[in-house]
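The hints should help you fit chain B onto chain A, whose structure is shown.
Those protein sequence lines, which keep their order, are chains A and B. Here the first sequence is numbered in my numbering, starting from 1 and rising by one per residue. Here the second sequence is numbered in my numbering, starting from 1 and rising by one per residue.
Simulated from the structure, these hints should not be mistaken for lab results. Mixed in with the good hints there might be a few duds.
Some, not all, of what chain B presents toward chain A, calculated at C-beta under 7 Å [stated by the list, open to error]: (1) Leu39; (2) Leu46; (3) Leu50.
Ideal Cβ placement from N, Cα and C applies to all residues, glycine included.
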Amino acid sequence: MRRVRSAGSAHTGLTEWLLQRVTSLYMGGFVIYAIVHFSLSPAHDYAAWKAWFATGYVRIAWALCLASILIHAWVGMRSIYLDYLHPLWLRFSVTLLTALGLLALALWAAQILITAAP
Amino acid sequence: MGKNNKRPVYLNLFKIRLPVGGILSILHRATGAFLVLLLPIALYILQRSLHDPEAYARIAAQAATPVGRVVVLAIVWVFAQHFFSGVRHLLLDIGIGDDKTTARRNAWLAFAASLTVVALTGACL
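Chain A on its own, in the form it takes in the complex:
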């Protein structure tokens, strides 16, 4: 287990590695669901688009997808920074800005989904 914990480019262990895989599986499943859904019943107009978002489970599925995107983005960007941004002050600043940016996007996404409720 101690050996596994040091895996992954961020070297913080199994959690990040696992989060990246779990979120990727969820997003992949969601994208396939959305493609199948819109192939069967295309949203030709605003009413159809709005009606889809009015369904409770659709908004929950979207919420989980948006959360997955933000977690996936965090883990991914962090491992890119750890590999390419070497001065500590630079890596720290960019990582902090990314964290704040992703948190802001999370709040914004929540607002969009809550507003979409009928």
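For chain B alone, kept in the frame of chain A given last:
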């Protein structure tokens, strides 16, 4: 390794020929970072599209223009490329296609799959 401080280091990026798996790996990072930068725009479009029928119609009309189609196809390519190199990554994790020949073939397959998705999307637009 610690004693040999003068060991040769050869890092001329223009002369190192990266194997296809390496190119795919770099592209996975590049496309991922690009998609993250796209997130605020995507959320903005999602918000506008749900706001009122006029905004929805405007977005649909813009996506249907020649420039709009090129932008949509470009984004579809970036996403599909990240998606398929990601699938290859997940398969490697569970030990599928991790010998050299198969890993290279699957890297080419990832490029082929993303271009196929772009072609299919283009046909649907």
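Going down the list of hints, with the structure as the test:
| no. | hint | verdict |
| --- | --- | --- |
| 1 | Leu39 | holds, 6 Å |
| 2 | Leu46 | holds, 6 Å |
| 3 | Leu50 | holds, 5 Å |
Consistency note: the structure conflicts with none of the earlier hints.
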